[in-house]
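Residue numbers for the sequence shown, in the numbering used here: 1 to 624.
In case anyone wonders, no lab produced these hints; they're calculated from the structure. Treat the hints loosely; a few may be bogus.
[Unchecked claim] Below, simulated SDA-like cross-link-like pairs (lysine to any residue); rule was C-alpha separation at most 20 Å, straight line:
1) Lys366 with Glu350
2) Lys105 with Thr57
3) Lys592 with Pro160
4) Lys189 with Glu113
5) Lys290 with Gly499
[Unchecked claim] FRET-style restraints, in silico, Cβ to Cβ:
6) Asn276 with Lys229: 47 to 55 Å
7) Lys623 with Met583: 13 to 21 Å
8) Asp498 with Val258: 26 to 34 Å
9) Lys623 with Arg593: 22 to 30 Å
10) Asn320 with Lys623: 49 to 57 Å
11) Ile193 with Glu113: 16 to 24 Å
12) Gly349 with Ile193: 32 to 40 Å
C-beta atoms are modelled at their ideal positions from N, C-alpha and C, and glycine is treated no differently.
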Amino acid sequence: MKAYKVILSVGVIILLSLVGCRDNFAELNQDPSSVTEANVSYLFSQGILEFEPSGYTYWFYNAAEIYQWIQTGVPSGSVTTDITNGASFQGLRSIDVLKYANEIKYARSTMKEEDKAQYEQCAAALDILCVYLGLYDTDFVGDIPHTEAAQAIHGGTLTPKYDTVNDLYTLWLNSLDQAIKAFTSPTSKQVFIAVQDPIYNGDAAKWAKLANSLKLKLAVRLISQDKGKALKIAEEVIAASCGVLDGAGDDFIFNKAVKNTENDDYAYHWQNGILNNVSPSQNVIDFMVKNRDPRVRFIFFKNSWNSRIVDLFFEAKKQNQIPKYIMDNIDYEVGADGMYKFKAWKGAGEPWVRYYGVPLDYDAAKETAKFGDWFNWGEKCKYDDKHTYRPISQFMSEMIYGRKDFTYPTRPNDPVIQTNKEGRPWYGMYMTTGEVNLYLAELKLLGANLPKMASDYFDKAVRASVAEYDYVAGKNKIPYYDTNYGYDPNEKPIKLMDGEIDILMGHTDYKLTGNTVDDLEKVYLQQLFHFYLSPIDQYATARRSGIPKFNSALFPRKAYTQIPVTSIPRRMALSAPSPTDLMYNILVEAYKRQGFSIGSGPILNSERIWQDKNAPQWGEGPKL
1 MKAYKVILSV GVIILLSLVG CRDNFAELNQ DPSSVTEANV SYLFSQGILE FEPSGYTYWF
61 YNAAEIYQWI QTGVPSGSVT TDITNGASFQ GLRSIDVLKY ANEIKYARST MKEEDKAQYE
121 QCAAALDILC VYLGLYDTDF VGDIPHTEAA QAIHGGTLTP KYDTVNDLYT LWLNSLDQAI
181 KAFTSPTSKQ VFIAVQDPIY NGDAAKWAKL ANSLKLKLAV RLISQDKGKA LKIAEEVIAA
241 SCGVLDGAGD DFIFNKAVKN TENDDYAYHW QNGILNNVSP SQNVIDFMVK NRDPRVRFIF
301 FKNSWNSRIV DLFFEAKKQN QIPKYIMDNI DYEVGADGMY KFKAWKGAGE PWVRYYGVPL
361 DYDAAKETAK FGDWFNWGEK CKYDDKHTYR PISQFMSEMI YGRKDFTYPT RPNDPVIQTN
421 KEGRPWYGMY MTTGEVNLYL AELKLLGANL PKMASDYFDK AVRASVAEYD YVAGKNKIPY
481 YDTNYGYDPN EKPIKLMDGE IDILMGHTDY KLTGNTVDDL EKVYLQQLFH FYLSPIDQYA
541 TARRSGIPKF NSALFPRKAY TQIPVTSIPR RMALSAPSPT DLMYNILVEA YKRQGFSIGS
601 GPILNSERIW QDKNAPQWGE GPKL
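Generate the whole structure from the sequences, applying the supplied hints.
Now the structure itself:
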């Protein structure tokens, strides 16, 4: 009985204490390991980590399709009717950052006004990234969920509406203007921590420039729908006091992490092969090599035929197995014994003679007598069962993802020369000075009232683009960048050399002449080259410009009698929504509103997304 009374008394005391301290009840019952109040700075950093315009599956599947449509890449089996199948949309990239942007908005909504104001710039930065990714999403499929998306956790809907591209462009322009204001005229002192910003290290002025520059990326997508508005945006951008991206220090180029993390993609971007079954087209390589464009060395990979490999085949009397396009660039001698001996590279010399593209001819892989040097090289360039030497170029994988070993091509029984994939965080190139000035050149030619001549913007753009590619190539430690590996005395590094840009800009193909039609073609062609590391940008550019165009004296598109251009996709294929999908009715309505059918084939050309309506057909060339 006494024990019971003691327990009861203690219980009463505890109960009274809890009642007396009911304001602290939540604290007493809180899991100390859980986070109850969001840290805006951390949300901001995580949002940047989630920034990814193109996922692995996009590069593995869709990029190869896109390059075919534009004729800047060729599959290993050559161009066939498969080109009309279309690629599938692989999810919204903007959602990954939008959910953190919305989380910041919610967190700020719970704060006192003075605290809320401190995080204007954190919120604005993620808004900018959401616009960037949203443009990519709408380039693929048109209308997307955005204004109601990624908010269910705080009482929003699980079935967000689809916003129209037109409405989103208006919304995003306003969002960018608000971001510029937040970075140039904040209402209070900002909590914008440099160490948590791997892009610009907390530099508000550079974020403002990015927001202002991004308006140009949106403007050029308006040209076919509202040219007047596009030109007005360009004029407003140039007039803005914050300026635009202007020089290497402003460029949106960064690596997310410097060492291994829970998600290796943050540091290395991926570690698996992509684009192994697609090569650059011959017209691209020929054009860039002819003009001594250094970017060919950073976008594409040298073939395996260094001079010691050439001599290997000569010594084995297998010179007939060397592809003709390689032999044409070899200065050799033939001894009295009939043995061939390498003397020097002809023509442009090393490294230029190590880059070869693949013909665009229809079903060329089946014509082995004519195209076997390109499509049958796996047998023709086989030295023995363990050694086959690739004669054509590939895409430079290390510019797209990290953690990739490179094995230098050596002769059998020679020591293995290999780079270490570890410790090389990947740098991505997004929006840069080169891109900005290419847009300004384009918009000037289309009639925008801008202070400089189109040729000024164009010259600055190409020079900047080359320098940007060289910078990223160095940061990504791509093969051959600053070494010849000490194996072949004729091998040369590929890094940018003094005076190369001046030589490039001296070529006619890289000069504007004052003829608007011809100059526009040159501007759009340079956009295609600049966007090789961003296939969706290359795709959007080719789609809205009609470049490459048929019968061009500069860079012609190849016509196929078997494949009319009206069958080549201009949007991604859509799968039929499942009736059990919560979004079923919304998806059906969104597709219906845009005039979209389900599936592939010619509908992907005729049923166009909003910003593509009225744009030129593939190969038609720009509309003035």
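Status of the hints after comparison with the structure:
no.: 1; hint: Lys366 with Glu350; result: 32 Å, violated
no.: 2; hint: Lys105 with Thr57; result: 31 Å, violated
no.: 3; hint: Lys592 with Pro160; result: 17 Å, holds
no.: 4; hint: Lys189 with Glu113; result: 13 Å, holds
no.: 5; hint: Lys290 with Gly499; result: 17 Å, holds
no.: 6; hint: Asn276 with Lys229: 47 to 55 Å; result: 42 Å, violated
no.: 7; hint: Lys623 with Met583: 13 to 21 Å; result: 36 Å, violated
no.: 8; hint: Asp498 with Val258: 26 to 34 Å; result: 30 Å, holds
no.: 9; hint: Lys623 with Arg593: 22 to 30 Å; result: 26 Å, holds
no.: 10; hint: Asn320 with Lys623: 49 to 57 Å; result: 50 Å, holds
no.: 11; hint: Ile193 with Glu113: 16 to 24 Å; result: 21 Å, holds
no.: 12; hint: Gly349 with Ile193: 32 to 40 Å; result: 50 Å, violated
Violation of the numbered hints given earlier is confined to hints 1, 2, 6, 7 and 12; the remaining hints are satisfied by the structure.
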